[in-house]
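Participant: Given these sequences and hints, build the entire structure.
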Amino acid sequence: MIRKLIPLAIFLVMAIFLGIGLTLDPKKLPSPLIDKPLPVFSLPRLLEPARQLGSSDLKNEVVLLNVWASWCASCRIEHPWFVQAAQRQLIPIYGLNYKDSRKEGTQWLQQLGNPYLASAFDESGDVGIELGVYGVPETFLIDRLGIVRYKHVGPVTETVWQQELKPRVDALRQER
Amino acid sequence: MWRIFLLLWVAMPALAIDTFSFDNAQQQQRFQKLSEELRCLVCQNQSLADSNAELALDLRKKVYDRVIAGQTDEQIKTYLLDRYGDFVLYKPTVKPVTYVLWFGPLGLLLLALFILYRVARRKPEADPSDDVAANQRTIKQMIDEVSKPE
Numbered sequence: 001m002i003r004k005l006i007p008l009a010i011f012l013v014m015a016i017f018l019g020i021g022l023t024l025d026p027k028k029l030p031s032p033l034i035d036k037p038l039p040v041f042s043l044p045r046l047l048e049p050a051r052q053l054g055s056s057d058l059k060n061e062v063v064l065l066n067v068w069a070s071w072c073a074s075c076r077i078e079h080p081w082f083v084q085a086a087q088r089q090l091i092p093i094y095g096l097n098y099k100d101s102r103k104e105g106t107q108w109l110q111q112l113g114n115p116y117l118a119s120a121f122d123e124s125g126d127v128g129i130e131l132g133v134y135g136v137p138e139t140f141l142i143d144r145l146g147i148v149r150y151k152h153v154g155p156v157t158e159t160v161w162q163q164e165l166k167p168r169v170d171a172l173r174q175e176r
Numbered sequence: 177m178w179r180i181f182l183l184l185w186v187a188m189p190a191l192a193i194d195t196f197s198f199d200n201a202q203q204q205q206r207f208q209k210l211s212e213e214l215r216c217l218v219c220q221n222q223s224l225a226d227s228n229a230e231l232a233l234d235l236r237k238k239v240y241d242r243v244i245a246g247q248t249d250e251q252i253k254t255y256l257l258d259r260y261g262d263f264v265l266y267k268p269t270v271k272p273v274t275y276v277l278w279f280g281p282l283g284l285l286l287l288a289l290f291i292l293y294r295v296a297r298r299k300p301e302a303d304p305s306d307d308v309a310a311n312q313r314t315i316k317q318m319i320d321e322v323s324k325p326e
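Residue numbers (the numbering used here), protein chains in the order written: chain H, 1 to 176; chain R, 177 to 326.
If you're looking for bench data, these hints aren't it; they were derived computationally from the structure. Be a bit skeptical, because a hint or two may be false.
To be verified - Taking beta-carbon pairs under 8 angstroms as the criterion, some of the chain R residues facing chain H (in silico):
id: 1; residue: L217
id: 2; residue: V218
id: 3; residue: C219
id: 4; residue: N228
id: 5; residue: L231
id: 6; residue: D234
id: 7; residue: K238
id: 8; residue: Y240
id: 9; residue: D258
id: 10; residue: L265
id: 11; residue: P268
id: 12; residue: R297
Said to hold, decoys possible - FRET-style restraints, in silico, Cβ to Cβ:
id: 13; chain 1: R; residue 1: Q204; chain 2: H; residue 2: E104; range: 35 to 43 angstroms
id: 14; chain 1: H; residue 1: N60; chain 2: R; residue 2: L286; range: 51 to 59 angstroms
id: 15; chain 1: R; residue 1: D249; chain 2: H; residue 2: R173; range: 23 to 31 angstroms
Glycine included, each C-beta is placed from N, C-alpha and C at the ideal position.
Facilitator: Here you go:
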C-alpha cells in the first residue's frame, strides 16, 4: 500500500516546488547591497544644479531612496503614492533621477508633484550602476547609519508600503 | 522564405555591436568572452554581448573600460558581482548558496541510479501457484484422499 503511494508523493513534492517556482518573479533579484553601506556618490541636484546631493546626505534618519525617470512607465504608477506619502509625512523620501534629461525630469515633477526632499541627477547612469539598479523604479530603504537595509524593485503601492516597507521602517526607527 | 529566416538568424549575433576600439586582439577577445559570460539583467535570457538594452550597453562600456585599464577577468567579474549579485554570471561561483545548483543534478542522478539498482536487484516475489513441487504435493494428496477406500 505504502509502495503504491510513492509516485503520488513524488508528484506532490514536485508539484509544490514547481508551484513555488511559478509564484516567484524572475525579475526580482536579491541585491548584494543589502546590509552594506550605500555606495559613496555625489551628484548635482535635479532642481538645483549648483547644489550636490550625495550618500552622506542620506544619513542620520531612516529614509527612502527612490530611483525614477520620466521615461519610466511604472514610475508613473507609483508616483501618486510617493506624493501622498510626502503629504502624510510617512518618511523622508529622496530621489535618484536615473538616465533622464534635466528638462523632462523637471517637467515631470512640475506636472505630477514633487514628493522628494531632493533628487540627485544621474544623467549617465553611473550611480545607478553603483547601486545595482537594473530596472526602474527601485526603492532603497536606508537606515540612520547610511546602510542599505532593503530594496524594493517595481512600483511602491500602499500594499507594498504596509507589507514590505513599513514593518522594516518601524523596526529601524526602534534601533538605537 | 526560409532563406530570409536563415539569413536573419546568421546576422543576429552581429546586431549588438559597439564602436569599441582595442589596442590588441587579445583585449578584444577578452572583452568578447567576458560579455558573453555576463548576463543582461534587463532581458534575462541574453548575455551582455547579445543584448541591446540600455543597461547592457552601459555595462559593456564598464567592462570595456576595465579591460583597457588592464584589470583581470576576476576583478571585472567581482566588480559586477558586488553590484548585481550572482545573477550576472551565467556560471555562478561555487559556494554554499549555489551548492544545490551545482551538485543537485549529480545528486539526483546518483539517487536515480541507486533506485534503479535496488529495483533491478529485487527478487521477484514468490507466487505460490508457481511452486510446481507444492502443487504436485497438493494434487497427490487430493488423489490419495479420493482413492482412499471408504
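Participant: Against the structure, test the hints numbered earlier, and report the numbers of the ones violated in rising order.
Facilitator: Going through the list in order, the structure violates hints 3, 4, 8, 10, 11, 12 and 15 and respects the others.
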